[in-house]
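Engineer: Put together the whole structure using the sequences plus the hints.
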Amino acid sequence: MPPSTPPTAAVTGYRRVFAVREFRAVFAAHALSLLGVVVSEIALTVLVYGLTGSPLLSALTFALGMLPYLVGGTLLSGIADRCPPRLVLVVCDLVCAGCAGLMALPATPVAGLLALRCAIALVAPVFNGTRMATLTDILGDGELFVLGRSLLRIVSQSSVLVGFGVGGVLLTVVSPRGALTITVCTFVASALLLRWGTKRRPARGGSGDGALVRYSLGGARDVLGDRRVRALMLLFWAPPMFMVVPEALAAPYADEVGIGVAGVGLLMGAAPVGTIAGELYAGSALSAVTRARIVLPLASLALVPLTVYAFTPGLLPALVALALAGAASAYTLGLDRWFVDAVPDELRGRAMTVLTAGLMTIQGVGMALAGLAAEFFAVSTVVAGAGVVGTVCCLLVAAEVRSTESRDGADHHVTDG
Numbered sequence: 003m004p005p006s007t008p009p010t011a012a013v014t015g016y017r018r019v020f021a022v023r024e025f026r027a028v029f030a031a032h033a034l035s036l037l038g039v040v041v042s043e044i045a046l047t048v049l050v051y052g053l054t055g056s057p058l059l060s061a062l063t064f065a066l067g068m069l070p071y072l073v074g075g076t077l078l079s080g081i082a083d084r085c086p087p088r089l090v091l092v093v094c095d096l097v098c099a100g101c102a103g104l105m106a107l108p109a110t111p112v113a114g115l116l117a118l119r120c121a122i123a124l125v126a127p128v129f130n131g132t133r134m135a136t137l138t139d140i141l142g143d144g145e146l147f148v149l150g151r152s153l154l155r156i157v158s159q160s161s162v163l164v165g166f167g168v169g170g171v172l173l174t175v176v177s178p179r180g181a182l183t184i185t186v187c188t189f190v191a192s193a194l195l196l197r198w199g200t201k202r203r204p205a206r207g208g209s210g211d212g213a214l215v216r217y218s219l220g221g222a223r224d225v226l227g228d229r230r231v232r233a234l235m236l237l238f239w240a241p242p243m244f245m246v247v248p249e250a251l252a253a254p255y256a257d258e259v260g261i262g263v264a265g266v267g268l269l270m271g272a273a274p275v276g277t278i279a280g281e282l283y284a285g286s287a288l289s290a291v292t293r294a295r296i297v298l299p300l301a302s303l304a305l306v307p308l309t310v311y312a313f314t315p316g317l318l319p320a321l322v323a324l325a326l327a328g329a330a331s332a333y334t335l336g337l338d339r340w341f342v343d344a345v346p347d348e349l350r351g352r353a354m355t356v357l358t359a360g361l362m363t364i365q366g367v368g369m370a371l372a373g374l375a376a377e378f379f380a381v382s383t384v385v386a387g388a389g390v391v392g393t394v395c396c397l398l399v400a401a402e403v404r405s406t407e408s409r410d411g412a413d414h415h416v417t418d419g
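Quick note: the sequence shown uses this note's numbering, first residue 3, plus one each step.
Keep in mind the hints are simulated off the structure, nothing from the lab. Keep in mind it's a predicted model, so treat the numbers as computed, not measured. Misleading hints may appear alongside valid ones.
[Unchecked claim] Label-pair distances were calculated between CB atoms; the ranges are:
1. Gly262 x Phe379: 19 to 29 angstroms
2. Arg404 x Gly114: 46 to 56 angstroms
3. Pro346 x Trp198: 24 to 34 angstroms
4. Lys201 x Ala312: 48 to 58 angstroms
5. Gly262 x Phe378: 46 to 56 angstroms
6. Trp198 x Phe379: 45 to 55 angstroms
7. Glu258 x Trp198: 45 to 55 angstroms
8. Arg295 x Val394: 17 to 27 angstroms
9. Val164 x Ala109: 29 to 39 angstroms
10. Arg216 x Ala109: 30 to 40 angstroms
11. Phe379 x Ala30: 40 to 50 angstroms
12. Pro346 x Gly100: 30 to 40 angstroms
13. Gly55 x Ala30: 32 to 42 angstroms
Glycine included, C-beta positions come from ideal geometry on N, C-alpha and C.
Structural biologist: Now the structure itself:
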């Protein structure tokens with residue numbers, strides 16, 4: 003148990019995590035920065051469309067929020083281990099605040115808006131990876147870390163449900179550039195919370211050898227070169243790659259079955275609702291041992307509910323299928339513990355950064371492939387096919403994870419090159 007955790011047996015479940023003062027600061031900062039990201043995405047999309055009248059450029063603002071993840075997650079991941087974590091988190095927040103501030107200036111052209119959007123997305127994986135690694139310092143690498151990670155994911159999923167609604171309402175009161183000014187405030191508030199609410203800790207990987215890019219790529223090579231860690235990462239990535247298919251095709255599916263615009267919102271919200279419910283149940287009602295036992299079965303079968311789309315179901319069956327698939331993402335609680343156990347401390351920041359960058363990238367690939375497939379096949383066929391192909395992939399990855407388990411139950415460790 004971390005030193006900052008109150009030694010009381012009366013505090014159980016998620017309440018144990020909130021009993022840690024530093025985590026409360028990280029949690030609040032996470033909520034504020036997410037609010038800033040969501041508001042900036044909506045405001046920027048509206049602003050770019052208003053300036054250009056181009057649906058392509060407007061849509062591109064969303065894509066630019068995902069594409070730079072791969073670059074930042076590989077070439078800049080060394081920052082997470084080479085620099086003091088609190089410094090990295092605060093600077094990343096301030097960089098995002100500065101970019102949002104420049105976006106809010108009336109003189110900033112469309113090209114500048116898109117470039118600044120890329121800059122925010124470039125530092126995002128470094129920030130997320132550093133924060134994940136820092137959680138192990140704040141909460142330890144056991145049960146509290148698993149619950150803390152779960153809470154941050156729940157906030158992220160909740161932002162999908164309420165964030166865009168809040169942003170839409172906000173834009174009825176202020177202009178898009180005014181909304182971007184509010185985004186500046188949320189990032190600055192997050193930076194202040196992290197600066198004064200968390201402890202200063204040394205860099206976990208030392209100064210490193212050579213240039214930052216070489217150090218980052220060396221860490222990525224070490225992470226992906228270890229069979230056990232690579233298999234665990236693939237298990238994090240595989241289900242989400244296919245889970246985004248019904249989300250990406252929600253609008254054309256609603257048109258295909260004739261359920262109207264309201265149905266689109268319901269289809270896009272069903273999986274996040276299931277995810278939140280699954281995470282809350284697994285985190286509060288299941289023991290660590292049980293969560294470990296269900297990792298492989300849940301991950302293997304998570305996409306099976308999507309096969310119901312083969313029968314072109316109406317709205318209600320589709321919602322149930324999406325909620326069930328979302329709930330199966332509770333497998334990540336046990337997987338979080340396995341991943342932390344498999345990666346040594348000095349490589350943890352880079353490993354977490356590569357993990358988050360890969361997750362965002364693979365979801366972007368899944369959306370793109372879904373759109374491409376829907377050009378040639380019915381949407382219901384594409385979603386059902388994603389369920390079948392995704393299940394096969396997940397079964398293969400689960401088999402690889404099982405084969406990398408050491409005989410004494412301990413995880414393999416990678417070495418920092």
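Engineer: Can you tell me whether the CB distance of Gly262 to Phe378 sits inside 46 to 56 angstroms?
Structural biologist: With Cβ atoms ~25 angstroms apart, the hint is violated.
Engineer: Cβ-Cβ distance between Trp198 and Phe379: within 45 to 55 angstroms?
Structural biologist: Holds - the Cβ-Cβ distance for Trp198 and Phe379, about 54 angstroms, lies within 45 to 55 angstroms.
Engineer: Has the hinted range 29 to 39 angstroms been met by the Cβ atoms of Val164 and Ala109?
Structural biologist: Cβ of Val164 to Cβ of Ala109: about 33 angstroms, so the range 29 to 39 angstroms holds.
Engineer: Between Lys201 and Ala312, does the beta-carbon spacing fit 48 to 58 angstroms?
Structural biologist: The hint (48 to 58 angstroms, Cβ to Cβ) holds, given that Lys201 and Ala312 are roughly 53 angstroms apart.
Engineer: Taking 30 to 40 angstroms as the hint, is the beta-carbon distance of Pro346 and Gly100 inside that range?
Structural biologist: Since the Cβ atoms of Pro346 and Gly100 sit about 34 angstroms apart, the hinted range of 30 to 40 angstroms holds.
Engineer: Check the following: the C-beta atoms of Arg295 and Val394 are separated by a distance inside 17 to 27 angstroms.
Structural biologist: holds, 23 angstroms
Engineer: So the hint says 45 to 55 angstroms: do the beta-carbon atoms of Glu258 and Trp198 match that?
Structural biologist: Roughly 52 angstroms apart at Cβ, these two residues keep to the hinted range, so it holds.
Engineer: Note whether the CB distance of Pro346 and Trp198 lies within 24 to 34 angstroms or breaks it.
Structural biologist: holds, 30 angstroms
Engineer: Just to be sure I understand the hint, the distance between the Cβ atoms of Phe379 and Ala30 should be within 40 to 50 angstroms; is that true here?
Structural biologist: holds, 45 angstroms
Engineer: Taking the beta carbons of Gly55 and Ala30, is their distance inside 32 to 42 angstroms?
Structural biologist: holds, 39 angstroms
Engineer: Given the hint of 19 to 29 angstroms, check if Gly262 and Phe379 actually sit that far apart at their C-beta atoms.
Structural biologist: For Gly262 and Phe379 the Cβ distance comes to about 23 angstroms; the hint holds.
Engineer: Okay, Arg216 versus Ala109 on CB: inside 30 to 40 angstroms?
Structural biologist: For Ala109 against Arg216, whose Cβ atoms are near 38 angstroms apart, the range 30 to 40 angstroms holds.
When the structure is compared with the earlier hints, a violation turns up for hint 5 alone.
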